[in-house]
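Novice: Residue numbers (my numbering), protein chains in the order written: chain A, 1 to 320; chain B, 1001 to 1320; chain C, 2001 to 2320; chain D, 3001 to 3320; chain E, 4001 to 4320; chain F, 5001 to 5320.
You can trust all of the hints, since none of them are fake.
Straight line, CA to CA, 27 Å or less: simulated DSSO-like cross-link-like pairs of lysine-lysine:
1. D:K3166 / C:K2166
2. F:K5166 / A:K166
3. D:K3142 / D:K3166
4. D:K3185 / D:K3166
5. C:K2185 / C:K2166
6. F:K5166 / F:K5142
7. A:K166 / A:K142
8. E:K4166 / B:K1166
9. E:K4142 / E:K4185
Since the hints were made in silico from the structure, they are not lab data.
In this text, all values refer to a predicted model and were calculated from it rather than measured experimentally.
Number of protein chains: 6
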Amino acid sequence: MSDPFFHPVSGFDLPRFAGVPTFMRLPHVDLDHPRLSEVQIGLIGVPWDSGTTNRPGPRHGPRQLRDASTMIRAQNGATGVRPFERVNCADLGDVPPNPADLLDSMERITGFYNRVMAAGITPLTAGGDHLSSLPILRALAKNAPLGMIHFDSHTDLFHSYFNGTKYTHGTPFRRAVEEGLLDPKRVIQIGIRGTTYDMEDRDFAASVGIRIVPIEEFFARGVEDVMREAREIVGTEATYVSYDIDFVDPAFAPGTGTPEVGGPTAFQALQVARLLGGVNIIGADLVEVSPPFDASGNTAFLGMSILFEMLCVMSTPREG
Amino acid sequence: MSDPFFHPVSGFDLPRFAGVPTFMRLPHVDLDHPRLSEVQIGLIGVPWDSGTTNRPGPRHGPRQLRDASTMIRAQNGATGVRPFERVNCADLGDVPPNPADLLDSMERITGFYNRVMAAGITPLTAGGDHLSSLPILRALAKNAPLGMIHFDSHTDLFHSYFNGTKYTHGTPFRRAVEEGLLDPKRVIQIGIRGTTYDMEDRDFAASVGIRIVPIEEFFARGVEDVMREAREIVGTEATYVSYDIDFVDPAFAPGTGTPEVGGPTAFQALQVARLLGGVNIIGADLVEVSPPFDASGNTAFLGMSILFEMLCVMSTPREG
Amino acid sequence: MSDPFFHPVSGFDLPRFAGVPTFMRLPHVDLDHPRLSEVQIGLIGVPWDSGTTNRPGPRHGPRQLRDASTMIRAQNGATGVRPFERVNCADLGDVPPNPADLLDSMERITGFYNRVMAAGITPLTAGGDHLSSLPILRALAKNAPLGMIHFDSHTDLFHSYFNGTKYTHGTPFRRAVEEGLLDPKRVIQIGIRGTTYDMEDRDFAASVGIRIVPIEEFFARGVEDVMREAREIVGTEATYVSYDIDFVDPAFAPGTGTPEVGGPTAFQALQVARLLGGVNIIGADLVEVSPPFDASGNTAFLGMSILFEMLCVMSTPREG
Amino acid sequence: MSDPFFHPVSGFDLPRFAGVPTFMRLPHVDLDHPRLSEVQIGLIGVPWDSGTTNRPGPRHGPRQLRDASTMIRAQNGATGVRPFERVNCADLGDVPPNPADLLDSMERITGFYNRVMAAGITPLTAGGDHLSSLPILRALAKNAPLGMIHFDSHTDLFHSYFNGTKYTHGTPFRRAVEEGLLDPKRVIQIGIRGTTYDMEDRDFAASVGIRIVPIEEFFARGVEDVMREAREIVGTEATYVSYDIDFVDPAFAPGTGTPEVGGPTAFQALQVARLLGGVNIIGADLVEVSPPFDASGNTAFLGMSILFEMLCVMSTPREG
Amino acid sequence: MSDPFFHPVSGFDLPRFAGVPTFMRLPHVDLDHPRLSEVQIGLIGVPWDSGTTNRPGPRHGPRQLRDASTMIRAQNGATGVRPFERVNCADLGDVPPNPADLLDSMERITGFYNRVMAAGITPLTAGGDHLSSLPILRALAKNAPLGMIHFDSHTDLFHSYFNGTKYTHGTPFRRAVEEGLLDPKRVIQIGIRGTTYDMEDRDFAASVGIRIVPIEEFFARGVEDVMREAREIVGTEATYVSYDIDFVDPAFAPGTGTPEVGGPTAFQALQVARLLGGVNIIGADLVEVSPPFDASGNTAFLGMSILFEMLCVMSTPREG
Amino acid sequence: MSDPFFHPVSGFDLPRFAGVPTFMRLPHVDLDHPRLSEVQIGLIGVPWDSGTTNRPGPRHGPRQLRDASTMIRAQNGATGVRPFERVNCADLGDVPPNPADLLDSMERITGFYNRVMAAGITPLTAGGDHLSSLPILRALAKNAPLGMIHFDSHTDLFHSYFNGTKYTHGTPFRRAVEEGLLDPKRVIQIGIRGTTYDMEDRDFAASVGIRIVPIEEFFARGVEDVMREAREIVGTEATYVSYDIDFVDPAFAPGTGTPEVGGPTAFQALQVARLLGGVNIIGADLVEVSPPFDASGNTAFLGMSILFEMLCVMSTPREG
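Isolated chain A, as found in the complex (with noise of 0.2 Å):
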């Protein structure tokens, strides 16, 4: 049983319009907060797209989801799940990026997360544009490769853009497995989709063992099946999930930076994170929401959700 201190505020209480916006109403403890080390789940933001080469915004990403966190509720619908009586979950707040420097800001928050790690805390990231994800690797996966599940339209696996550019939003697993971070063997990517340059990432994924399931094979076999697959290929070891927004279709995910229509519902995208269960889940990340592109919240409110559902998963524990 959570303390009380780590409980959301409820609606009934303060309507959820109200109130200075926490990640889901929990408590903001930052690093140095005298109960960080109570902390057993915390959600983090990165506010930052340096890595964008097309549409930017999503740095503004996690503003607009604490915004939209606030219409979450303590219990899962579905599941009937009470994540925050389980397990004690905070806001601790952002990382301080460094717009202007990327590099830089990579070390920030590997940094950022290198300090979580050693309070103990599993990160729960609201990105931030999706090359954000390598450098919280960086610190996550320090002992051994992760395995992966990755939820996405793109594959994010080429190799450089603009004449050699090593570090874009289009790169960041294709250096994750460069440096060890990943084990090619137990990633999968899921929803992939749209035009592409060339075959150079695809052709990179099979050289190396990456599992891709395409848009087309993910319709024709449905949800359940592909999540079976999924679980399988990352099996009990530490796993780390990374959830790109645009994984899912623009009519229910307008607010972000490189749409590719043609993708799941939002009761898919649902779906596919209560799929999770029993995953050996070290880390997870929902990224690129933008919104510039979507004034309404509507898109961060959906990709909020699909954090609520992660962190759900990551709050029970697993058999065996």
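Since the structure of chain A is provided, determine the placement of chains B, C, D, E and F on it from the hints.
Specialist: Relative to chain A, chains B, C, D, E and F alone:
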């Protein structure tokens, strides 16, 4: 065959963007109009949202729904029904609410519907937030409790909010059961989903016999099967239909105050309304359209299409 | 193998948000350009909406479609086709319409396409409202009536509007059949739905042998089955493809003037285009994108993705 | 003192967001209404934009202006005038245009206004694009050419567009002078600005004696001085007032099709209307409100405030 | 010199789009915080709009104002004042309203401000609709009636609405005078404009000695002269400042529920706040920011800039 | 007299919404074009925003500015200048930036402008964030420091951000002075306002002799007087003009990343550009248009109108 006075203006005579916008381009017949008694189905606006606990706006619903309704043509493309030729339909105008006095507004609404019932008119309501249904039911269920088919993402069965407040858009059907306006054994709620505060609403439902179909069951069983059960539950006796636009996924209906992601498509939203055929509908509503959150009017157009489907069913003689 | 002159600019060389936006970043080859005769497939804009009876705006379609098209990369992710390497493609610019003279504009459009046909170019058109298809067909169907696969929520087969007006976006294919431009027995219309004025259009379709697939049938049978029938109906002879963006559900394509709720998803919208493989397409269009009703450009991006799918099919040699 | 039948609904009785939206909440008295002959000033919508050479949308103007007009209360705060108590005002509905036939629409408009004039009603028009003024003037200036005070950023005096097209929203007053509907020596155009094709319009103005006040002169001299000259130019004889919303700076009135930056403020926009006092106004219009470019309705609210100011002046007995 | 604990986070340390958004990036010090008694000026949100008679939304004001406030830097560019170094400022959080019970909410607000006053804190409020000012004044004017400088387009002095309702956002200052919270002879209302129901509010003002400066007089005399009079009227005794964002022209502040066209510019909006220097301000508010009508946040940013100007004045020692 | 090849397409030949959108409908002459050397004034896009410390988006500026620029006609309505007849103007395309490598992008920009200068072309730039001006100045100020007239709400003179980062959009002119690209005694900055971090930028300005005109002084003295001083400060020697769209009040130009309320009107924004007459302009830019924050394109239209005013001045022979 209906009287030509009650036929809507055709888009071939006056383009659909032109003219004073009444509901479905029907004549405006207010409660003092000499031809009131000839009306069989009356469309009524309830521009009121004082029961809203989250984002307001449904007070603007009837205006935008009227505007969108001029896109509705004379014939149902799917079923071939031409409702305006079958029954005399009219726009009865709006109930005059008191935006700064919740209880006074409830009395005004009940009073308005008392007059509508006295004139022998079947009301088809464009809300307004969901609390609107309660004062309407007070006028409609004078003699005996009604059955209800309720489409929504929320049960609206909570006991109270904010330390004891009994009248909000989250409580109308708790009150309706308590007041004997609904027969809980003839009530079915379809599409329920999203996070919840606790199980207090569902425990109540279980205790009085209200049938809840969560969205997961809805998708698993399919529209036809769920609606077959719904028709069985309400049987042949008098039934109210209450349709909250947030039943539909917010990608299709973003203009609402408390959206829950992961709902049915617009096609399914129309299907469930069509499958009301045979139900003894003595009144129906479409509520929670909130124009400030969808200035495009697309949500209102969907809402009006649902109202038109319900009107087609209501204008069709039941068998036997 | 196509000439490098006709290859689009890569997003790795020039970011996709940069540069003068031609269709799919192809060279702008106007009708007086020295290399016109080398073009095999020409993308053409018809910035015109004088046939619109409801909400205007498709005159702005080509501009927004060009803008969105810079998001299209070189390769089809689903089929692997790289159309720009197979055939010489170019942006032929826009037909200059006369926004204040409907008949003059129709002559200008036919004149433009006459020149395109004379140059031996297969036209792929970005509209424009649906009346645009009529003057295009006048240029394409000079020798014999064409077959047509038509995706739409409306039949566009009405006789006339507003007391006798024969040229509107609701009548082009009635005229095309009357003028002998289409062989009605080789015409199929897919996705028809929404309310209707009356049955005049469908009665005409039945009388001349046009096949209509209502949306209910489309969903019941599935994409593959319907498209198999479509390919059978048009056979191996010359066929036009006309794709109204309002075929797609407005959640996915809000930027159009006469939306009808309850349509296919974006994924299905792409699927039907892919399943045109094997059809003898001598021209195609994507019409009714109306930017004022979707400033985000998401509708245009879907429209352009559909055009790209059609281009991929058109660039692929047919068997036999 | 006006008849209570013609008084608008008060916001104290029915909140301003409620009810069927007629112009200024006045009774809807169509041309066949039994009390038509009692109307003194009639508000009329012209939902038409076929003369638009640039961005379309004014066909939706009357609908949005009616919606915004329910914000207008009974009394002018600046002048104290209560127009609805002085004269019988009513909403006469919309002229039914033919969106696909420009010349037919012009005849329909003139026919409608002929009936209005025959009933002895002074028309106050909500457009529509600026070509609307021409068919209106044809009905109003039957006996003698009128004077005109014209607020606009464009002269609308061009000879023709697109290789000879004579009827567009850039030509109405060229035609009106040619047809003897306006006395050019009693015409003043105020607020002219922006880039121009050439000097053809201004050369014409100079040649026939139309007075043009460019925006630079307007700002330099001030509102009072310019309006004093305007009143002198039109004198005491019958005068038409034509007010294009693009007279106002687009920061205040973005919802128009051909904005020109650098115009007057909303306060000045109201002032010039107030300073029409004493002019012998036999008709007036407010045109070019284009809702697709300002879904918020703020432009329409300004437009309606201007119409109200003109109504106040028109309802006030002139001295002498 | 203020305590560093109370200094806002600098944009040089944490980019302005990052972090949990408190007002002006100040520490969140709720009423139970151990350092509450050190706060000198407390920013408070009142997320409540039950008094709104027209378009709702100000309940969302505090959230959006907090978000926009992270754009405020440490120093006033015009006056050089650095308020956060002069006095201890903090974000005291939001009053918890009851959205479905108007009278209960008023009591909650007064109760909250009683605690603020008891702690010796000067409150600076971000509304909320204008009815919020009444329960605040009940806490602030316990000992003697206050003077008030009131910026608004409406007097908010009406007796009642909707057949006798006494508490709406159009009546707070009528009530405040009746209850002895304001000394009407020390009250000035600046910027009044727009249409009115009748003269009931102005007759009341005249009868009790409230000074009204209509917008026409404001523009004619200029900002300095009007504000000189305002300072004279309130004198050196305790004064409340109430600033309705609809004082400003809706081109600059569209995000409000009852806009009136023809108001001051943003520059003038800041000037009047700066010219409060020397006034004995014991509390101030900025109300009626309605985010649903300006999702861009621009209105909120202007509102926050006004609050910052007032804070600068309030943090500056008065002479003598 | 310019060559007809360099004349823009007329809106009378091709409606302004039609055609591939180049800047002002000029021919697209890239740096490899055979007629490059004939160009006298070249419009160039810099689609880049890596220097942005706050809200991103200016990378999309050139695209939207091109789109808006098709509204620009051939003649300046205020001054009568017809620039395209005086000098050969062309769209030189966009500099290809590297969105993920700030320093590489700066080199690419300088390289591009080196080629432009080598071709003898005067560059007129559409940004891009304000850091763009630095690499441009590096190409333009090779021989001697330039004077500069700078319109902005910010000085952009800060030393560094985020713990030492020297290249951001808040630092370009600090660098330019340090690098000897600007002669600070011939630099004037007009319109400065808003809150500030501290006085570091202004202290630097004072120490090197840069003249700052705060907005309060600008309004007090008036446009003519300020611009007379500006012309005196830069004198007759080579001068750069840098125009940040956030100089203008955000009511007129909301589409920018770091707006400051309380600025000039659009009319004044044009006036200051016109009053550059006589200045020896060797290059100019208009920066910080951020389309994601104004999808309407109104900000871009104002930006383009300012660029047109500057073009008119630049195309006019200076006296003496």
